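Number of protein chains: 2
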Amino acid sequence: MPWPAHIALHDGRLLLTKQFDIDVTGQAGHRVYDAAGRLLQNLQRRTGVVFEQHVLAKDSNDPHATLIIHVRRPAVLKIGEDESYRLHVDSQHAVLTATDGLGALHGLQTFLQLVQADPAGHYLPAVDIRDKPRFKWRGLMVDVARHFEPMNVIERNLRGMAAVKLNVLHLHLSDNQGFRIQSKVYPELTAEGSRGQYFTQTQIKTIIRYADDRGIIVVPEFDLPAHAVSWLVSHPELASAPGPYHLYTHFGGKNPAFDPSNPETYRFLGGFFREMASLFPGDYIHIGGDENSGQQWNNNPYIQAYMQPSIPSDEALQTQFIQKLARLINADGKQVIGWDEILQPGLPKGAVIQVWRGKESLDKAAREGHPTILSNGYYLDLLYPADHYYQNDPIPAGTHLKPPVRKNILGGEAEMWSELVRPATIDSRIWPNAAAIAERLWSPPSVRDVPWMYRRLRVENLRLEALGLTQIRNQQVLLRQLAGGYDVSPLQVLVDVISPVRGYQRGASGNYTIYSPLSSIADAATGNPWAAIHFNEAVKQFTAHPEAATEQKIRAYLQQWSASDPALEALIHRSPALHPVTPLAQSLLALSKVGLQALDYIDQRQPAPYAWARQTTTDFLQAREPAAETKLRIVDAVEQLVVMSVKAGASDAPRAKEKISDSIDSPARKSGAEFGDLLNGEAGLGKSVGGYRGGYGLAQASVLGVPRERWSEFPGDIAVQVRPAAGPELQPFGKRHIDRDWLSQ
Amino acid sequence: MPWPAHIALHDGRLLLTKQFDIDVTGQAGHRVYDAAGRLLQNLQRRTGVVFEQHVLAKDSNDPHATLIIHVRRPAVLKIGEDESYRLHVDSQHAVLTATDGLGALHGLQTFLQLVQADPAGHYLPAVDIRDKPRFKWRGLMVDVARHFEPMNVIERNLRGMAAVKLNVLHLHLSDNQGFRIQSKVYPELTAEGSRGQYFTQTQIKTIIRYADDRGIIVVPEFDLPAHAVSWLVSHPELASAPGPYHLYTHFGGKNPAFDPSNPETYRFLGGFFREMASLFPGDYIHIGGDENSGQQWNNNPYIQAYMQPSIPSDEALQTQFIQKLARLINADGKQVIGWDEILQPGLPKGAVIQVWRGKESLDKAAREGHPTILSNGYYLDLLYPADHYYQNDPIPAGTHLKPPVRKNILGGEAEMWSELVRPATIDSRIWPNAAAIAERLWSPPSVRDVPWMYRRLRVENLRLEALGLTQIRNQQVLLRQLAGGYDVSPLQVLVDVISPVRGYQRGASGNYTIYSPLSSIADAATGNPWAAIHFNEAVKQFTAHPEAATEQKIRAYLQQWSASDPALEALIHRSPALHPVTPLAQSLLALSKVGLQALDYIDQRQPAPYAWARQTTTDFLQAREPAAETKLRIVDAVEQLVVMSVKAGASDAPRAKEKISDSIDSPARKSGAEFGDLLNGEAGLGKSVGGYRGGYGLAQASVLGVPRERWSEFPGDIAVQVRPAAGPELQPFGKRHIDRDWLSQ
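If you're matching them up, the sequences are chains A and B in order.
The numbers in my numbering rise by one with no breaks, and the one at position 219 of the first sequence is 219.
The numbers in my numbering rise by one with no breaks, and the one at position 714 of the second sequence is 714.
Fair warning: there could be bad hints in the mix.
Pairs involving identical chains hold if they fit within one copy or between any two copies, as the list cannot separate such chains.
Unchecked claim - Subject to a maximum C-alpha distance of 30 Å in a straight line, what follows is the list of computed DSSO-like cross-link-like pairs (lysine-lysine): (1) 132 with 349; (2) 349 with 58; (3) 205 with 184; (4) 18 with 254; (5) 553 with 540.
Worth flagging that the hints you see were computed from the coordinates, not collected in a lab.
The structure presented is a predicted model; accordingly, all values stated were derived computationally and were not measured.
Use the sequences and the hints to build the structure in full.
If you want it as structure tokens, here you go:
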């Protein structure tokens with residue numbers, strides 16, 4: 001992972017023995033040598049085979065070398081360089097060839113991924129791979145401003161990035177909560193604006209070198225003109241409103257901005273960017289440009305006067321500001337990048353647009369001739385499951401963009417905003433989802449099967465943690481802490497079927513500041529609860545093809561959940577930090593029983609009784625409620641089992657389900673009555689199950705949870721948001737209109 | 001942990017709520033403020049309670065403050081400062097008072113340790129504590145030379161040290177494998193002698209500051225005159241034999257030494273130590289002085305000439321060398337420390353002796369008036385269980401040392417030599433054993449109950465990992481890697497009952513170099529296999545007081561081991577890196593069955609049949625064999641069950657056992673016949689069980705494993721090394737003389 005562009009498997013295998021050695025030929029450059037040395041160590045650790053040889057041969061032309069690397073020229077670290085490579089493995093040796101050192105680095109990662117084991121030992125299968133990336137910009141942004149992330153966090157994530165062939169690390173270095181890089185020209189920026197948490201120039205050089213060694217470009221972001229509190233703490237004279245300014249301890253809120261009418265602003269920033277341009281060897285400097293409300297500008301009479309008569313709007317003023325910065329930065333030999341707000345008439349053509357607000361901006365910017373990067377849909381901090389990110393394609397099938405316009409789309413970037421993470425938890429938000437995004441950006445668009453991706457992602461996740469990433473191990477630390485010294489295994493069972501509330505729900509609570517402990521179950525849980533993912537996939541298979549083996553898998557999960565309940569509830573009772581989790585445990589037990597009962601009915605090949613199915617509504621309603629900022633992620637699947645049980649013995653069931661999903665496969669807005677009729681008309685099952693429907697419409701129908709004949713009483717419109725079952729979660733439409741009392745009438 | 005000097009528990013509790021706040025009064029100094037701020041964050045993370053207040057009050061005299069800290073003067077970081085504190089907790093608030101800031105830091109750690117939870121919430125019990133350390137030097141040495149350990153390893157270990165009130169971090173900064181600190185006077189030392197792995201001066205300042213914030217003194221060690229390869233790589237002209245010198249990739253071997261006859265040596269070292277003396281603010285510089293074979297000196301005619309006529313021996317030459325260094329270092333305002341080899345006639349009185357070779361040196365040095373530090377018996381890298389270290393007292397009960405001599409014993413230091421660890425595994429060797437040592441050095445000597453220590457150590461271990469230490473989480477990472485993606489739980493069951501071979505066995509194999517992967521089961525296993533510790537303790541209880549509840553615990557373990565065997569053996573089969581573990585898995589299954597059978601016999605209150613007990617010999621013999629550099633740690637306990645089953649129904653069994661242990665409670669050397677007769681005579685059970693004996697002599701008897709009447713044929717002497725069951729492992733005496741064929745005759 002990412003899956004190669006072309007791969008052909010052959011018979012045979014290359015065994016890994018202690019005689020493993022490497023010969024490097026051609027003009028490899030230091031990066032390839034270093035990477036080959038790391039490969040030796042990595043192979044030893046994974047396989048337990050201790051090699052006799054630890055020194056790489058150069059041009060030995062030893063025909064017995066296990067891995068021969070041939071590189072035509074050392075890597076040049078630029079966007080758009082030749083990153084292709086070929087890897088041939090047969091039973092005698094492996095041969096890796098690449099024009100550019102970058103390709104060789106990628107090929108070495110592929111080599112590591114090919115290593116397999118069976119009882120006879122470790123080996124690589126015989127294979128021919130020709131590989132190159134689909135997009136040239138494959139980035140990861142880490143926000144080190146909201147919560148500072150120290151050196152070792154950055155370094156281990158760079159190792160992870162290299163493993164999945166990402167090539168740009170974008171550091172969000174300033175925001176309202178802190179200024180995170182030492183300036184020698186303006187040391188006051190960190191002295192007053194960082195709470196002591198920042199990268200020294202020595203450290204940032206170490207990061208750049210560490211990234212460079214792995215073929216990764218570092219792009220620094222200094223967010224301007226808004227998100228500027230940490231600058232203005234030491235330079236209130238450059239602000240659009242009088243100070244003093246204090247570092248934010250909260251997130252969100254107002255976004256003070258630089259004064260674009262003050263020539264001193266440009267003198268100051270010119271000096272700053274000149275320093276940064278010499279520090280960062282890459283071609284790009286990111287200047288932010290997002291979320292400037294213009295509020296301070298509108299209320300500053302001097303700025304208003306400056307705008308008259310030639311600058312008609314805040315947007316135009318911001319564009320002028322960006323233009324001036326771009327000129328300064330271009331003069332330092334760098335290109336600017338900005339968030340998509342900077343896409344305004346008059347923006348210099350070379351400016352790169354990073355799109356976060358919506359994909360429309362991507363197409364628009366590309367059409368206008370700007371190099372563009374997609375980030376919308378790649379926000380790792382929103383904690384969607386991997387397939388959500390995976391299915392987000394910068395250039396989706398059926399695009400209307402013409403080939404020359406498509407060329408402007410450089411690629412994409414995974415974004416890790418850090419309001420709700422700390423060093424101990426950040427990896428669990430980035431990984432393994434960034435690996436899914438990496439595959440989307442590297443592999444051909446035809447590589448898109450979700451269950452197959454999940455199977456490979458799970459393996460990749462273990463491989464990534466062996467590089468020092470903490471996404472698995474630190475979850476267990478948090479669980480041990482939450483369990484307060486008691487046996488943690490029942491809690492592990494729970495956390496494997498829940499994930500945090502998605503999107504901005506958690507942050508929007510307003511409960512979080514830089515002092516928040518971030519050690520709750522929502523911090524331990526991740527976007528990919530593996531047991532839920534496997535269970536849901538099994539249910540999906542089973543409803544399509546009811547086979548005994550699949551049913552057995554499903555039963556095993558349900559029985560495990562049910563069996564672990566007494567221990568889980570006892571643990572929760574004893575551990576006060578776990579008390580908020582109680583409803584999730586109760587729902588997991590309730591749904592396990594419901595699911596097992598549904599399977600029993602299905603096995604009997606008789607429709608489940610109406611009264612029982614109707615009764616489960618209460619369980620499903622309860623189970624969809626978030627608790628402790630997390631949600632159970634097996635509810636839809638259990639409900640599908642109930643639907644299946646209701647239809648047990650009916651021959652048209654699969655067809656009916658498909659018809660429903662076809663008919664409501666796109667967002668729609670309907671009244672309760674219309675929606676009910678739609679489902680009813682298509683499924684032909686309405687009356688008998690009192691609101692239950694097959695297929696993708698399930699979440700809606702069960703939240704409604706009332707008999708069909710009362711749907712017309714439902715007040716107002718119903719927003720029906722339908723997506724494939726493994727996609728982003730279904731909206732609990734109209735939920736606020738329904739209360740329990742009314743339901744129990 | 002460490003247990004306080006005086007503690008009185010009262011009724012009542014101080015609840016932790018979101019209104020928690022702290023008032024600091026007196027002259028606290030920045031260390032106490034910072035520590036109180038960290039305490040807030042730590043409390044939030046552990047309890048999940050989010051405090052409203054994050055700013056510490058100063059002299060608010062708020063009577064409602066939850067924690068009031070009063071300190072008379074800021075901490076002065078010196079050995080021997082007043083480290084005492086008092087902590088009073090009642091239902092209204094907690095009051096921490098200390099003369100010196102150091103005491104307040106310790107008191108804050110105790111405050112954190114008092115936090116408990118029950119279903120009603122988190123609280124501190126009402127308590128009065130008066131506490132102070134028994135010894136003033138409570139150190140941890142980390143060898144960063146053999147394997148370099150980067151900043152974040154050091155920082156997290158400093159957090160752990162502070163948590164258990166250790167106050168000296170000793171860094172072993174140079175050895176044959178690398179020179180680990182930047183010198184600006186001699187930059188070639190790291191440029192040529194570090195393989196790029198060293199602390200810059202900025203980094204070491206960060207470490208010193210980080211330690212200082214937590215009340216910890218950093219002592220640098222530069223090992224001289226031997227262990228000097230990493231110096232001599234860039235300065236072969238200072239060596240006692242001509243170069244060139246190359247950094248060692250292996251461990252052990254010859255120890256090239258500086259030329260003590262060369263005036264340039266002292267000029268060079270003088271410049272170096274002057275630089276280091278200004279870098280390290282503490283009072284001590286460690287100059288090593290260990291393991292100089294004198295070989296190079298003996299073979300260098302110039303040095304031999306230099307020694308004539310006034311320097312009679314290599315020891316005297318080394319003493320002269322040390323004296324000269326001591327003068328240089330004293331001139332820089334620092335005192336020297338050295339390993340106990342430096343204790344030779346003529347050594348300056350102020351020099352501190354760190355004792356590693358044997359406790360005799362400790363007493364000798366103290367008698368001669370030197371300040372001394374005990375490290376012998378505190379070698380963490382030898383991987384003994386915690387109680388081994390715990391029972392090692394610098395001034396044991398019944399010491400013959402007079403009080404003024406005892407005063408010279410400053411304390412002790414846990415030693416972490418790094419030949420066989422890397423950053424991912426080092427914590428699992430240091431922790432939690434260093435916490436047991438910390439208690440030995442802090443708490444009154446009467447605090448010494450081993451089972452009670454283990455119960456507290458397990459809790460402390462979880463608390464330590466919440467500080468970022470990796471001893472638990474990284475074991476699981478290694479196991480996941482070894483399991484190659486398969487379910488890891490059967491392997492976890494195994495690793496919980498094994499530990500690596502102890503002492504120098506692993507290193508002595510000669511298989512290890514700086515390139516070794518250190519990712520095998522021996523790297524995952526630790527000195528404290530918790531399941532084995534609990535099982536062994538339960539068996540010990542049960543053989544003394546055969547109660548049903550204890551038996552149930554024992555049975556549960558045996559059944560779990562037996563039940564997990566099929567999954568474990570399947571996993572081992574599939575994962576080639578696990579193949580070497582096979583014998584351990586087989587033995588665990590065999591002993592589980594033996595143990596369960598023994599319990600059945602015991603329950604029947606009839607002696608187990610001779611033939612069966614005799615037959616188990618084969619299982620015990622096999623189970624004592626190391627495999628994959630690890631050993632099963634439940635063998636003695638299972639054997640005790642067999643012995644108990646053989647004696648089932650006999651009324652004199654406990655007495656017989658005690659008599660054996662009494663009679664052979666000290667090392668002894670006897671012939672096979674003598675030993676056999678000894679056991680036989682005391683126990684009076686010989687013939688009936690064919691070599692099985694009760695109590696401490698078990699390991700010997702079962703290895704012998706032959707009928708009593710043949711003991712006299714046993715060739716040669718038998719070394720009988722007997723220690724309490726929970727102590728260091730019993731020696732498999734005479735094993736090399738016995739082969740299976742002979743046994744099966």
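Results of checking the hints against the structure:
For the homomeric pair residue 132 and residue 349, the shortest alpha-carbon distance inside one copy (28 Å) is at most 30 Å, but the shortest distance between copies (70 Å) is not. Taking the shortest Cα distances, residue 349 and residue 58 never come within 30 Å of each other, neither inside one copy (45 Å) nor across copies (56 Å). In this assembly of identical chains, residue 205 and residue 184 lie within 30 Å of each other by CA distance both inside one copy and across copies; the values are 14 Å within and 20 Å between. In this assembly of identical chains, the alpha carbons of residue 18 and residue 254 lie at most 30 Å apart only when taken from different copies (27 Å versus 61 Å within one copy).
With identical chains, the CA atoms of residue 553 and residue 540 are at most 30 Å apart within one copy only, with a shortest distance of 12 Å there and 43 Å across copies.
Hint compliance for this structure: hint 2 alone is broken.
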